[in-house]
Each structure stands twice: as structure tokens, then as C-alpha cells.
Amino acid sequence: MKLLEYQGKHLFERYGIPIPRGRVVDSEEEIKDIPLPCVIKAQVTVGGRGKAGLIKEARSEEEARRVATDLLGKRLKDIPVRKLLVEEKVEIDKEIYLSFSIDTSKRAYLLMANSLGGVDIESIPDEKIVKEWINPLIGLQPFNVRRVVERLNVAQRKEIYDIISGMYRIFKDYDCELVEINPLALTREGKLIALDSKIIVNDDALFRHPDLVEEDEGIDPIEREAKQKGIAFVRLDGNIGVIANGAGLTMATLDALKNYGGDAGVFLDLGGTDDVEKVKQAFQLMKKAKPKVILLNLFGGITKCDTVAKGVELVISEEGIECPIVARIKGVNEEEAREILKNAGIEAVENLHEAARLATEFAKR
Amino acid sequence: MKLLEYQGKHLFERYGIPIPRGRVVDSEEEIKDIPLPCVIKAQVTVGGRGKAGLIKEARSEEEARRVATDLLGKRLKDIPVRKLLVEEKVEIDKEIYLSFSIDTSKRAYLLMANSLGGVDIESIPDEKIVKEWINPLIGLQPFNVRRVVERLNVAQRKEIYDIISGMYRIFKDYDCELVEINPLALTREGKLIALDSKIIVNDDALFRHPDLVEEDEGIDPIEREAKQKGIAFVRLDGNIGVIANGAGLTMATLDALKNYGGDAGVFLDLGGTDDVEKVKQAFQLMKKAKPKVILLNLFGGITKCDTVAKGVELVISEEGIECPIVARIKGVNEEEAREILKNAGIEAVENLHEAARLATEFAKR
Amino acid sequence: MAIIVDEKTRVLIQGITGHQGTFHTKEMLRFGTKVVAGVTPGKGGAEVHGVPVFNEVKEAVDETGANTSLVLVPARFAKDAIIEAIDAGIRTIVVITEHIPFHDTIEIVHYARYKKVTMVGPNCPGVASPGKAKVGIFPNHIFREGNIGVASRSGTLTYEIVDSLSREGFGQSTCVGLGGDPVTGLNFVEVLEMFERDEETRAIVMVGEIGGVAEEEAAEYIKDHISKPVFAFIAGRTAPPEKRMGHAGAIISRGRGTAKSKIEALRKAGVAVAEFPDEIAKLIKENT
Amino acid sequence: MAIIVDEKTRVLIQGITGHQGTFHTKEMLRFGTKVVAGVTPGKGGAEVHGVPVFNEVKEAVDETGANTSLVLVPARFAKDAIIEAIDAGIRTIVVITEHIPFHDTIEIVHYARYKKVTMVGPNCPGVASPGKAKVGIFPNHIFREGNIGVASRSGTLTYEIVDSLSREGFGQSTCVGLGGDPVTGLNFVEVLEMFERDEETRAIVMVGEIGGVAEEEAAEYIKDHISKPVFAFIAGRTAPPEKRMGHAGAIISRGRGTAKSKIEALRKAGVAVAEFPDEIAKLIKENT
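Residue numbers (the numbering used here), protein chains in the order written: chain A, 1 to 365; chain B, 1 to 365; chain C, 1 to 288; chain D, 1 to 288.
Chain A on its own, in the form it takes in the complex (with noise of 0.2 Å):
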């Protein structure tokens, strides 16, 4: 779960990192005794704000209230802008970038830093990066911060220290796969104040987190309905609808459909699962996406060939699917589930180059 700018910044405050005055509001009403001159930023958790125009400046409350009434109407990624973060102006010296991640091919914490802040910090080359690493057994050690702080080049060493310990304990605390600070401003009086948040908590650890509230931020919400119902649904750039079950196996038939010219619009992953119940919900979200057709790619073992094929004739005697469909299957209980299918209508192919060639061939007329 990403974090909202603001929503880090209450996290920043109560760890004691310096954050600008300012609140949140969700309407230019509310923009009242703000400080001023101000900068207001539109909270999306998308990158690219800047680029996109939705953070502004003011120097009067009238013209803050002209440019939230503008910004609130705006949409990033097709994600509509609901909350704004109204914060003072802060004069700024240096930009420092820290941040917090795993490093999963060492398998430990990852502390990065930049005294070139404010930019991507993939656009910075790795060699001027400061990294250290943190093994999860001990946790991090005076030494770590110490050798950051030391190449970061700031007379205020004793500040960036709480700030970075700070940093860890909301990394620990809230079981987060990112905490960055960037940039973390050095102001024209010495002073360091963390201009934004990132975090991203793991979103499996999200039970031990109740205080965390996901924002409504206005996602696709056939995404939404999927994640509710613990199905892996993503959205892509095509028209072909693919289910398969397991990642691995949606993925490859993704990749075999482009082989032969498809695209698709939709990865649906069934996972491991032997309720027709809900299948029929796949097939149901499937069918919201409006793919041109639906490519389904089966290899049944937990998930049996028989069990998915009911799915679908369910689904298509109790309220019908528009498109065609590619069915490709193998495995445990192949045979019945071919059966069931073709009374419904669909032929089965044994291939998965065949089904992707026949699905690319729908999707093109």
C-alpha cells in the first residue's frame, strides 16, 4: 500500500522528522489562515506530479483558493485529484535524497543517499549513490548512519543522524518495503525539513497495521472488486482477455499471444483454486473489462480442468459472454472439461501457439 504524500509526512512528524507547516484539505473552502507564501500539492500516489503540473505555488489565499479549485478538478493516470496538501514555501540551499528499501539479491536493508536530491534518484549515477546495508538479524548500527552522514557533506551530521534513525523505525514499525524522504530540503537557515514522503507498505503485513487506512483514490475499480475478491487482475494496453492460472503461466501466455501479434488488455490470474464459484467471478470481472476476446489457458492440477470449465458454462448459461472465447487446456481432468465446454459452445485446443494464434486472429477482426 502506498502512502498519500500527507499520510507519510504524519508518520515523519510523529518519528520527529522535520515536515513543513500545513495540512490537508479536500476542498478550496477549507483554505483558511494557511501560511503563506505556500506551495499546494495534489495528493496522488502516482509519480510524476510536477511534470504534470499539480504542484503550485501561492503568495495570497485567493490566489491558493484559484489554484486548488483548479487542481482538485484535475486527474493524474486517470486518477482524479480529491486531496491537496496546502504547505509554507521553504527557501531551500541543498536537496538530499535518503531512502530505505530492500535489497533482495543481498537480502538486506538498503540505506541510499544523495546530496543531489530533488530528482529521480534513477537518474542519478550509481557510483555518487551512498549505500549501506543492513543485515535483518542485527538491525542497523550507529556505524551505518555514521558512514552516510559522513559522505553527504552537511555541517548538520547530529540532524541527518535522527532523521535517518527515524527513517528505520518507521521502516520497521510499519513493516514498509520503501521510506523516502526526496527531497530532504536544507533550508537558507540550516535548518532540515523533508519536502515529501514515499512509503510503501507491504501489503501483506497489512493485519498488523489497523491504523493504516487505504485512501480511496479513485482505482479502476474492476481492479478494486479484484483485490477484494483476492484475484490477481491487471489491467493492460490490448484487447485480449487472458486467464490462466498461476502468475507464471498467465505471464507465458501473454508473452506467446504477442509472438503471434495479440495484445492483451487484461492478465487474470486464477491461482490455485477448485471453486466454481469463483471462477464465475473471474469470468464475471473478465467480462467487465470488455475484452474482444478471452484467451483462457489452463493447466490443471489443485485447479482442476473440470471445476473452471463448470465455471464458465455457468457464466455463460445464467447471463451469457458477448465475446468469443480460446480455450486452451491440459491437465487433470482435461477430458471432462473438454466435454463440458464444447456443450457450451467453446471449442478446446491442446496448444497454447494454437490458441494464441486463433485468439490474435479474433481480437484483429
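Treat the hints with care, as some may be off.
Here are the simulated lysine to aspartate or glutamate pairs, EDC-like style, with alpha carbons at most 16 Å apart [said to hold, decoys possible]: (1) B:LYS83 <-> B:GLU215; (2) B:LYS77 <-> D:GLU242; (3) D:LYS243 <-> B:GLU223; (4) A:LYS83 <-> A:ASP275; (5) A:LYS2 <-> A:ASP211; (6) D:LYS43 <-> D:GLU56; (7) A:LYS106 <-> C:GLU190; (8) A:LYS310 <-> A:ASP263; (9) B:LYS172 <-> D:GLU107; (10) B:LYS106 <-> D:GLU242; (11) A:LYS258 <-> C:GLU275; (12) B:LYS131 <-> C:GLU59; (13) B:LYS258 <-> D:GLU275; (14) D:LYS43 <-> A:GLU150.
Calculated from the structure, these hints are not laboratory results. Predicted, not measured: the structure shown is a model, and the values here were computed from it.
Let chain A serve as the given structure and place chains B, C and D on it in line with the hints.
What follows is chains B, C and D alone, placed relative to chain A:
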């Protein structure tokens, strides 16, 4: 640092471990609005309060005041009773023993439990004690607690589980060497209450716990002074004052004395020092303990022999030392040391046997 | 020989009394695996398909000599179950459970290493050495005894590939499901090393996915340390960046972990990479 | 050969610029030890008796090839310093510092084991292999090259015993100060094992103290695993229970850790136990 019972119980309360209603008083006048019937317990850290008659009951406020007046005048192993804990009397159905300590040989934390609480754990046969070892890098896990709770055979599983978890957090948060509840009472009403607390905090970690204040228990003023000065000083039952450098050497000197029939009255380890002033302080402390003879056993290394000799000479010339001194000097600068001591009227021997024999002789005069 | 599990494997199933536990106990027994014990706290004394159930792992190990554990418990209890198994002396742990909190997994992985315990997974289908033992949830019928070592980050895709290998006459020495999480107990490099040392294994098949750099690291390792022929399939060539493709680990993040980079690295290391899952058997035929 | 430290030992001193650090740097250099670097945060660039000082251990290791660290930093910074040394690739760590918080020590000891680092101490005088290297604070003049391995929980008492051995013609292969804390990186058992394997060592001297059960465990181990003659001295025969005799570890607590139980256990294991420190040389003469 050993916490007094009431200090430990304050920690228990903060960590959600149930304790009896009650309060601490240091005079009989404070006994007002107390729970009745009550138990009045002398607050001293030395063991054996019960047997010494320092835990009493009272059924009325008047009786309680009488008991308090009596207790506040007593001593246990020379320690005066200065505070009392007045608590509600609890009707006990069953008594449980619980503790966290350290198994130095397994280098692990040790959780011990027993359903025959209320007596000294040392008197319970080993096979009747439930033991669970916890690796310090991974910490207490739910299964450790379950294994213990399972074997205690008490219906209040959830409650015991929470009590054990709370004890572990105290153990870790406060750098404890021991956190013990003996007994944890199961009351007739089916409630669990910690009737006693025994907590030992690692002295070397006290700098991390400024909230813990050592109670002035009126312990030996010389031992207190030595502690403040960073000198290892232990009072023993004999009449020979032993000063050596290094704990092992000091112990070996005590043992050598015993071989010749002598008994040490003071164990004083100079430690590794090359400071005349500290040597002087050590001898001043020793003088206060009024030994019949002082046995100085020195193996010079970092602590140079002549430095110690100078310290002794200084004390003799400035204030005098009444009892005879037997000195055994070896190692770095031993010749210079002999010379200095000779001028101060002390003849040094080279051999521990000879020194022990001589000191014993002086002590028996 | 085979790797990780073999005829000496004595399996304990943590979470045996659940729906999955009961089902897979039967399937593993049918495979010929020595399933000697199960553990479900509070259910001690019960039996599942003739396998005795205990309350605690220590008890189960002491009574049955179990040396390998299969973890099927729910995600939030997994860390506890795994540490219990490690402390009880289990030497190999196969973790099927998915959605284990990431910070739990990373601690467990290090603790297992400290205690010199081999941990496979989490979020994996298990390990199977045909003819010897299966510790996992793979369908039984796909395997065939033979000399191909398979290591995979995927689930059903592995089944598909193993099935096609078996049909084409390429049996397996051992098939290892590494798991789809970003951090796992074993990565490709460790398993490649085991297969290289295993006399029974003649060729190695790697099934990779987008996300992370495990395949790139494997490619580096293969160059210098693997003498046996290696074949690979990488899923996710057409996956868009920043979207999790089902698995927590299957995500192209910040430009890293693309299929392209993995395939290139592997090819540079002399690995034959298939375009379709069913092409692997053909590649083996051509190259061995 | 010798154990733990030898001619390949390249020493880094953590806390080199302090009073103790400066003094012992000179003494170790005089002993012939290769002291190659020092570390004191904030003092990088300085020199101590010609030894370069760095701000960080990693830097010092990279520049000088140090493989062994001597820790002299104050107790409250010791954990940090030791983890830094372990993470920087130091293979042997000798911790002189006393009064390290106990919970810090126990974590460090496990972390060192996980990383396969040999840790000696804390609260110990160090390790010396006469003619090769001294990493510690022992006086130089007491040693003499030879074939006696010495392992001790004590400080000056060890000096005294080593000195008397040297005077009587019994030189030492290696002398190891285990440290006086209740938990230490190496105990008698581990060092006995090293001495047993060390070809240069012909006989072993143990200097024990009251407190803990390390001597009793050593006795058990000697029975089954040590073929070389072992001699011992145990300090504290007359110490009263429940009083700390100087060291944190030297305490007879709850009836355990008495000198009597240690001496009996050792004698049962065939170890000759001396009554006075200077008796050991005599016992060796009589028994070898």
C-alpha cells in the same frame, strides 16, 4: 541493580501484568484507606523476608499501623527496613513460578516455569521445571510461550500468555539479568496476579535507563563508596585485608591465605590502573574496613609495581596505616617498588606462599 | 542422489489438519514420500491418513525422527512455525505459504542460514525428486524419474514444463520451486551449485520470471561454475513496468528485472533460452 | 602454527587514539605484531606510532588488508564497533573492553558466529602467540616461545602463571584470555578443540574461576576429545556465594559455579589441578 519489589511491580503494571491493589509507605502515618485485609511487606532486596518475619498480615487499619511500626524498625542481614508495601490480601488457589534469565552456557535467554510456585525455584527438582531457550537474534516466539503455557495446566491460557509476553518485554527493554514472578497467584476467583516481583537490571546497561533510580537501601557505606570510585570491594568474614590487581589474582590470594589458615575480611581489586591517586583511595578504603593486617599482592603490568608502592608510601606518610602490611611484589618495576616500600618501612617478599603465611601469622597475633 | 529431498527425507507437515494439509498428505504419501508426522497446535493425538498429529514440532521430531518440514500454515503464523521447526532441529524446510509479511521472511531466511537449515520458498510449490520423495503441492502425475534438474520461480508454469519434459522422455532428478516472493530461502545460484555437484543430474532447466536479478546473478554464476548444459524459459517478456504480475516478486521496478535483461544475460552465459514453455524439450534434444 | 593469531595476523585497533590504544599499539609493535591500521571515527588521517588511523573499519580493511581487530572502545560503543568490524570482513575480533551491557554482548556473540567470525572476549586481556603476534594488553616480557597452550578466564592471574611457566622453561604456543564476563565469544571447549588440533601445542593449561559452568563443560569435553595433557588452576575456592568477586562472571549464584565442583569435574576428567598459581610448572614437569 536489584529493584525493590514495589519498583518491579510498577514495571509490571506498565507492561500489563496484573498486581494486587496497594501502595508503598515509609511511615505508619501514611497507612490510611488501605485495602483490608492486607499484607504488609518490608521492601528490601535481600532474600528470606518471609522466614525473617518481614511479611505480615493485618485485618484492620489499626493493626496495620502497629505492624508497620514494628517492621520499620527491623533489619535483615544488616539492611534496615525503610519502606513497606501494603497490599490487598489475595485468596490463593494455586501458585505458579515464571522467570526470564540467561543461560550463559547455551548463550540464550531462558524462560522457566513451574506450577509449584511460592517456594524457592532452587528447591524444585530440575525435571519439574519447564524450560524454554530463546535465541537472542530472533527473540521470543509465540511457540515458546505456547510450549510453556501448555505444561502449566491452567485454564487461563490467554492470560498467562500475555503475562509471559509482558515479562519478556521488560527483560529486553530494561536490559535485565532476571525478571521473576514467584508466585504468580491463581486466585479463587480464577484471576492471575503477580504477588511478588524480582527484577535484576544489568549494571553495565544502567546508562540506558535513567528512569530507574537505585533506592538507598542503607548498604555498607564502604562498599557504596568503593562502587562510586570504581573499585571492586567485597566485604568478607575474616580479618585480613587483601589488595591485589585483577579479580583472578585477588581470588587466588584469598585462596592462598586459606591454605595457611588465614581468613580474608576484604577483597579489594585495584584493577588495571597506573594512577597513584587511585591506589591511595584504595588503601584509604581498606583502612576504613579496619583489617588486622593488609596483604598486598601485585603482579605488575599495566599497573606498575612502583606506582602502587608510591601510593602506599603516600598514605603512610600523610595519614599513617595502623596495621602491618605484607607485600608481595612481582613484575614491571618490582625493584623500584621494593626500594620505595623499604623506605616506608615495609619489607616485600617475592613469594605468595611466604606472604600468605606471614599475613596469617600477623592476623593471629 | 538428487538434491534437497530424497529417500532419507522424513516429512513433518506443519498445518496438517487444514484442508490443504489433509489433501497434500494423501498426495505425498501416494508419491511414496515418507510423511511421518503432522503438527497443528491443539490437535495433538489426531491422525491424518494414518499420519500422527502432534501439538509441537519438538515432540514430533523426537517421536518420529522427522528431518524435513512442509509449511502450510496461514501467513501470519508462518514465522512462528518456521522458527519452531528450526529450533526443533529440522534440517530442511519447504514453505508453501504465500503472503508472508516481507519483514518476517527476511528475518527467517537469515535465521535459517545461521542455523544451517536449508529453506525453500516461501510461496513455492515445493521440491520433488521423482522416485524418491515429493515435499510440496505439485501434481504427482507430471513427474518422471530421470536426469534433468529443474529450478523454477513459478508454479503451474513449472508443472507445464515438467509435464512436457516427461512426455518427451526427459525425466527429472529433482524439481525445485524457489518461490515467487522477492526474497526466498534458495535462489537460482544456490540450486545451480547443488545440481552441479549432484551426480544424477546431467542438465539443468531454469524457469525464470521478471523481477529481481536472480536470473542475471545465475547467468554470472553459470559462466564460471557450471559445466552441465543449462536451458531456460523466462516468463513476462511483455509485462509492463511497475505492475505486479500476480506474484509479489514479479514486478519490473525502476527499470530493473526485465525479461530482456535476463534473457540476454543467460544467452551470454551460454544458456539456451526457449520462447515457448514447450520448446525446452526440443532445445535439450538439440543440445545434448 | 599456533591458534587464533599468528604471523598472518594483520591487526586493526578500534579506539587507537585513546590513552590505552596509543600505549598498546607501541607494545604490540614491540612484540613484533603487524599492527597495520587504527580506527577512531573523526580522527581519520592521523598516525599512532606510524600506524595510519581511519574513520571507518571498511576503509581501513580495504587499504591495509587488516584481518584481525582489537577492540578498545568504551563499553557503550562496543556493539557498534564490533558489528562494524564483522560487516567489514574482519575475521578475528579480540574485545578488551569491559562493562559491555550484557544484552549487547549476547547479540554480538551470535552475530559473530552467524558470520563465522572468531570473537575473543569481551573483558579479556587478548591473545598472544609468542614469536608471532600479540593482540591484546598482556605485558610483553612474560612470554616465551614454546609448546604450552594457555586458556584463561582471568587477567593478571594469567600473567602470573605464564610468567612462572616461562621462568621454568615452559614456553607457550598461544595464550588465550577468554574474558571474565558471563557470556564470551570463546569458551574453554572451543579453545581446547583448537589446541588439540594445533600441532605446535603439546600440553594445555586452563586458568578458571568461580561462576558459570564453563570449566565443568570443559571437563566433559576433555574426557572424550582431548588427547594432550591438561593442567588447571581454579581461582575462588574461598569465595562466598552471591558476591561478585570483581568480574561480572565470577559469582557463585544459586549454588552453582563453585570452585569445588569445577576442581572435582576436572580431576575426574584426568586434569591435574594446582593449589597455587606457581605449582603449574611443577605439575607439568611431573606429568609430561
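Evaluated hints:
The hinted pair formed by LYS83 of chain B and GLU215 of chain B meets the criterion: a straight-line CA distance of about 10 Å does not exceed 16 Å. Our distance criterion of 16 Å between C-alpha atoms is met by LYS77 of chain B and GLU242 of chain D, whose separation comes to about 13 Å. Distance hint between LYS243 of chain D and GLU223 of chain B is fulfilled; the C-alpha atoms sit about 12 Å from each other, no more than 16 Å. For the given pair, LYS83 of chain A sits about 40 Å from ASP275 of chain A by alpha-carbon distance, which is inconsistent with the 16 Å threshold.
Of the supplied pair hints, the one linking LYS2 of chain A and ASP211 of chain A holds, its CA atoms being roughly 14 Å apart against a limit of 16 Å. The hinted pair formed by LYS43 of chain D and GLU56 of chain D meets the criterion: a straight-line CA distance of about 10 Å does not exceed 16 Å. Of the pairs offered as hints, the one joining LYS106 of chain A and GLU190 of chain C holds, with about 13 Å between alpha carbons and a cut-off of 16 Å not exceeded. About 27 Å separates the Cα atoms of LYS310 of chain A and ASP263 of chain A, which puts this hinted pair outside 16 Å; it is violated.
Our distance criterion of 16 Å between C-alpha atoms is met by LYS172 of chain B and GLU107 of chain D, whose separation comes to about 12 Å. Restraint check: the Cα-Cα separation between LYS106 of chain B and GLU242 of chain D comes to about 21 Å, which exceeds 16 Å; the hinted pair is violated. Distance hint between LYS258 of chain A and GLU275 of chain C is fulfilled; the C-alpha atoms sit about 11 Å from each other, no more than 16 Å. Between the alpha carbons of LYS131 of chain B and GLU59 of chain C the distance comes to roughly 14 Å, so the proposed pair stays at or under 16 Å and holds.
Under the criterion of a C-alpha separation no larger than 16 Å, the hint pairing LYS258 of chain B with GLU275 of chain D is consistent with the structure, at around 11 Å. Pair hint LYS43 of chain D plus GLU150 of chain A holds up; C-alpha atoms about 13 Å apart against a cutoff of 16 Å.
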